[in-house]
Amino acid sequence: MLGWEFPPFISGGLGTHCYELTRALANRGVEIDFFMPKTSYDIHEHWLNIYQTDWVLLDPHELQLGLAPTTYGCYGSSPTQARFHASGIAGLLQMPGQSKADDLGFFEAVAAYNHLARLLVQKKHAERHYDVVHVHDWLSAKAGIALRHSTGLPLVSTVHSTEYDRTADLWPFEWILEVEREMMQQSDQIITVSKRSAQLLLDKFGAAERNVSVIYNAIDSSKFPKYKEAMQDASGKRTKVVLYHGRLSVQKGVEYFLRAAQKVLSRDRNVKFLVSGKGDMLPRLVEMAFDLGISQNVMFLGYVSDDQLKRILCTSDVLVFPSISEPFGIVALESMASGTPTIVSKTSGVSERVKNCLTVDFWDTDEMASKILAVLSYRPLYEELRENSIAETESITWDEVARQTIGVYDKAIRTRLAAKAAITMI
Amino acid sequence: MPKVCLCFHVHQPVRLSRFSYFGIGSGDGASLESRYFDNRMNEHYFNKAADQCYLPANRILQQLLDDNRGKFRFSLSITGTLLMQARKYRPEVVESFRNLCATGRVDVLDETYYHSLSSLYSDLSEFKEQVQIHNQLVRDLLGVAPKSFRNTEAIYSDRIAQVVEGLGYKAIITEGVERILGWRSPNYVYRPQGCSRLKLLMRNYKLSDDVGFRFSAKSWKEWPLTADKYATWLSATPGQVINLFMDYETFGEHHWKDTGILDFLSHLPAEVHRHPGLSFSTVTEAAESFEPCDAISVPSEISWADAERNTSAWLGNRIQRACFSELEALLPKLRKANDVQLWETYRQLQTSDHLMYLSTKGMSDREVHDYFSPYKDSGPYDNFISFMNIITDFKEQVDGKIAKVEKVADSESAPIEKEKLLA
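First to last, the sequence lines map onto chains A and B.
Heads up: the first sequence at position 143 corresponds to 142 in numbering that gives the first Met the number 0, and the numbers run straight through without jumps.
Heads up: the second sequence at position 217 corresponds to 216 in numbering that gives the first Met the number 0, and the numbers run straight through without jumps.
Looking at chain A on its own, in the form it has when it is part of the complex (with noise of 0.2 Å):
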């Protein structure tokens, strides 16, 4: 398996993903080797072998083998700034274990990456004869596409987002696409995290139907407290806590958040509109939330830690997910394991996999705003989503993922072998 981040290197939902993936994997007895970037991180787990490949080794002109973009769109005026808004790993650089990729342009590091993964994975095939090459989004796709044709094994791709989903299809980044394209049409089996984002890879990315499976991601509930404290103001008042919590995109929709949260402020003042997280929107979500007359009762609380969300969920009343377009949307589980009421758009998948949340349309900041309100006025309704969401949270296990996900190695297997005995038959 080939990945950018595994856990302690993460910045966004892939790191989460594999580790819990290749867990649940390992306990239906498939053998792992996991292929991810060179950090300062010392990273082991007993379920599976981590290899951080090295460039250190290599000529420096190797490492640009014809990956390099020569535009960066909207990414920045300069490589400088483009680096890290690519991917969705914006917060890369304040982590303490950074990737080596810092030293390089993001772009010539993930070419490097890919470029190195592959010979690396060559080299163990020879003594691991795998069976299947798993990847995950265009970050390890070249590296997936090349071992395909080097070594014949059947590829897996996962795509938790595509670049159409990360700029809110604004301005994709043409180069990714290319890449994302070539991945779709080259992957034996291609998994995705929602009805709705298989829909876009077969409407966008020319990927064929009967290739393409949906397995939604899963949530380890265990891991959420479930208990509720109150949130006090300074004179000891409780105040009722509304959540957001995620990057701070365009695609995320944060700003239908804070419209939606000056209606609410319009029937009750007594409402706290907590904004978690990072990103490129921020100075502008900061203007917004004061020029709609309501920077009073919202906080911006910067990057927050897997451990610091715990807790602010604790104390929140209601989550709300507006994102315009999201694959998937694992925020919305973790705060349902919690027991946190969550509102979720339409055009999030997750909305596909759990009946006990609330949907809205992103847009419509009226219908968003009256649901807040509802969760926060009526008490049973609160109690009746707190109790159904965590209920429902765990039965959305790894385990199930797993097993799915070997349902689709298998089907990789075999129309691989097929395809080859055609090519050998001809």
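What the hints contain is simulated information worked out from the structure, not anything from laboratory work.
These figures come from a predicted structure and were not determined experimentally.
Errors might be hidden in some of the hints.
[Unchecked claim] 25 Å max Cα-Cα, derived SDA-like pairs, lysine to any residue:
1. K239(A) with A306(B)
2. K262(A) with Q396(B)
3. K262(A) with A306(B)
4. K262(A) with K228(B)
5. K262(A) with G26(B)
6. K354(A) with G26(B)
[Unchecked claim] Selected chain B positions facing chain A (Cβ under 8 Å, derived; list incomplete):
7. S19
8. Y20
9. F21
10. G315
11. N316
12. A321
13. T359
14. Y380
15. D381
16. F383
17. M387
[Said to hold, decoys possible] One-sided excerpt, in silico: chain A residues whose CB lies under 7 Å from chain B:
18. Q261
19. L264
20. A373
21. Y377
22. P379
23. E382
24. E383
Ideal placement from N, C-alpha and C gives every residue a C-beta, glycine not left out.
Given the structure of chain A, go ahead and fit chain B onto it with the hints provided.
Chain B in isolation, oriented as in the chain A frame:
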């Protein structure tokens, strides 16, 4: 051989509008009717049911009543909310039901006008009132006087039976729940515990559901179900009376016309009469013909709904119970406000369907709830929000009216007080 007792239940709720939190208190003189109820949706569903079921099925029943002079008979339970909408959207539906009744071989049952859960209130006067209004409506529109009773969704308990006996009815019907019947068969007439005159008929759910649920299920081993096969089953069933109670919408709506359900209905009487000794009876006639063979005790409510056969379809979770108790708690306020329009709205809000759309049950029942919910793209929570917003707004309306009434009362009584003092 037993009597075959058919009872068709005919009902359409008055469906609620989607009502935003921001709609609360923003009435500005618009009628409650137009704000709370989605009459376009109601008209749509009514027309659909009228064209697919009520009119074609009534035509068949009329034919059967005319052809089998006196031998074919059945019972009907029709809610007030249905008749009210029929009068509004499709008067010919009322006319066709009236014609059925005019044959004298159709026994119409009483129930609560609004298909409500008022039988579960601690104060039963509202229940009695709704039954009384229903009784009047049936007399006025259909020209017959009901003698037997069917509570909303066959909800039943000893307490309800005793009240119904007090109202003078001859019979009451409910579900043949196994945990109540034990070894006993539903095909006999029983006496409700604590009653001395009222008789109890219990639904044979297996034979009823063969038609109501399974008729069009191709995976069912008895599919396709023909009238002669079904009549053979009936003739092989021991007992006094086989109670076949089902939604009238079974015929043409739950099972579409192309499943053959309407043909089944039109052939059934002839096939039943082919078996010597097998004959039809209405609920009231069955109650009059047989003496109870045992007493049945039902301390807590049963119904014909969901797998549990209790009230959990409407009161299974806290959002349902919250709406139910909010509405029940409003009763004294309505009396105080004493306003005809508010009473009417209040009662329409009590229709049990509104609560059924809030059910969060999983598994098989979920499908039944979803099937009947007109709000296809919204779940129980959305339905709750909308309903609770309406109830909250309605409470404000009632409070506003009470404030007005009290103000008038004050200004009227004040001078009298003064005069008294002077004298």
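**Prompt:** Does the structure break any of the earlier hints, and which numbers would those be?
**Reply:** 1, 3, 4, 6, 10, 18, 19
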